[in-house]
Amino acid sequence: MTEQTRPVWDIPVRLFHWALVILLAVSWWTAENGQMEWHYRAGYTLLALLIFRILWGFVGSSTARFAGFLRDPRAVFNYCRNLFRNTPNNTPPRHWGHNPLGGWSVLVLLALLLAQVLLGLFAEDVDGLAWGPLSNLVSFETARWAAETHESLFNLLLLFIALHIIAVLGYLIVKKDNLVGPMITGKRRVREAQPETSLIPAPLWLAGLIIIAAAGFVGWLVS
Amino acid sequence: MSSNKPLFAAALSFALTFSTAAMADDQAEMAIEKRQENFENIGGSFKTVRDELRSGDADMAKIKAAADTIASLARNIKGGFPAGTGPETGVETEALPAIWQDKTTFEGAADKLVTEADKFAELAASGDASKIMGGVRGLGGACKNCHDQFRLDDD
Numbered sequence: 001m002t003e004q005t006r007p008v009w010d011i012p013v014r015l016f017h018w019a020l021v022i023l024l025a026v027s028w029w030t031a032e033n034g035q036m037e038w039h040y041r042a043g044y045t046l047l048a049l050l051i052f053r054i055l056w057g058f059v060g061s062s063t064a065r066f067a068g069f070l071r072d073p074r075a076v077f078n079y080c081r082n083l084f085r086n087t088p089n090n091t092p093p094r095h096w097g098h099n100p101l102g103g104w105s106v107l108v109l110l111a112l113l114l115a116q117v118l119l120g121l122f123a124e125d126v127d128g129l130a131w132g133p134l135s136n137l138v139s140f141e142t143a144r145w146a147a148e149t150h151e152s153l154f155n156l157l158l159l160f161i162a163l164h165i166i167a168v169l170g171y172l173i174v175k176k177d178n179l180v181g182p183m184i185t186g187k188r189r190v191r192e193a194q195p196e197t198s199l200i201p202a203p204l205w206l207a208g209l210i211i212i213a214a215a216g217f218v219g220w221l222v223s
Numbered sequence: 001m002s003s004n005k006p007l008f009a010a011a012l013s014f015a016l017t018f019s020t021a022a023m024a025d026d027q028a029e030m031a032i033e034k035r036q037e038n039f040e041n042i043g044g045s046f047k048t049v050r051d052e053l054r055s056g057d058a059d060m061a062k063i064k065a066a067a068d069t070i071a072s073l074a075r076n077i078k079g080g081f082p083a084g085t086g087p088e089t090g091v092e093t094e095a096l097p098a099i100w101q102d103k104t105t106f107e108g109a110a111d112k113l114v115t116e117a118d119k120f121a122e123l124a125a126s127g128d129a130s131k132i133m134g135g136v137r138g139l140g141g142a143c144k145n146c147h148d149q150f151r152l153d154d155d
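Residue numbers (this note's numbering), protein chains in the order written: chain A, 1 to 223; chain B, 1 to 155.
Chain A extracted, bound-state conformation:
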């Protein structure tokens, strides 16, 4: 059996994923250390990226689209049931890109991230020194609620990020399936008999257009 690699994740998805990692780390560190101007910038960038990713989930490459990886509960259940039967990776997976379980995890993470950023837009601190760009649209009580929820939601986000990392490590160690490499190189190893190994790409200029539009929107929103 020869092993070859085939594309699975396009450039926009990969850049988005790792930009998220960096921006989350920056967001956390800047908040912890009172560097609020940079915290805001990280947040705005995150918002633009999230808008991009959501739109790309509708018009992007095949593995980026929500319609491709958000499967019905039966598919998720069957996938979980067979999860360790295919250890170590002796049966090729039937999906290309996110598996049914991973697919929904992506949605949960995106939703938590979006909620976190949106809360930040309306938040205000107790000292009157830090405030989100839309906080003037809400009351003091609401802005304080947004700030406190922004803080506590981060813990929930961390929990799901931890689960995500544990899952990836689980795949690597238990199923001998490296998921990190493909998210960097965009290519996944495939066995000859593997069905459905195609990435239908979407044009990079479209991604560029969407990210510029998203950035413009965020720029307008926070001015």
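Some hints could be false.
[Unchecked claim] Derived list of chain B stretches under chain A, where covered just means 3 residues or more per stretch with a C-beta under 8 Å from a C-beta of chain A:
#: 1; segment: 50 to 58
#: 2; segment: 123 to 130
#: 3; segment: 138 to 151
Read the hints as simulated data drawn from the structure, not as lab findings.
Glycine residues also receive a C-beta, built at the ideal position from the N, C-alpha and C atoms.
Given the coordinates of chain A, work out where chain B should sit on it, guided by the hints.
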């Protein structure tokens, strides 16, 4: 019946002790809630100033009124922390024990806020938007100064 008098006396003093303690708890709770409301009103007024400045069409009268409110309410802070109104009461409060352990520093910080609030009120009366916005840092800094030392940070 005379044989029940000691029992009755004991029961009565028991009840009185607990109701006195309950009344003290109620008083502490009232004091805590009152000072929390004071802080929230200060925060709300400060927000009003900032929101007006951010609107691009600042209502100077509103700003001045809010700044005057801050200056007035800031004066309530020092007296809002009588003995027995800290976290030891079990009532939900973000006041740290340091307030009572280091009363002098706390009162100094509270006085500092009054000074900054008065300065801010003067700035607000000037009607100069950029000057007032510049003053926000100073006032917020005075809030932060006390918070950093005496307010629970549940990050």
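Consistency of the hints with the structure:
For the segment 50 to 58 of chain B, the stated coverage by chain A is satisfied: 4 residues place a CB nearer than 8 Å to a CB of that chain, which reaches the threshold of 3. Counting residues of the segment 123 to 130 of chain B whose beta carbon lies closer than 8 Å to any beta carbon of chain A gives 0, which falls below the threshold of three, so the coverage claim is violated. Counting residues of the segment 138 to 151 of chain B whose beta-carbon sits less than 8 Å from any beta-carbon of chain A gives 7, enough to reach three: the coverage restraint holds.
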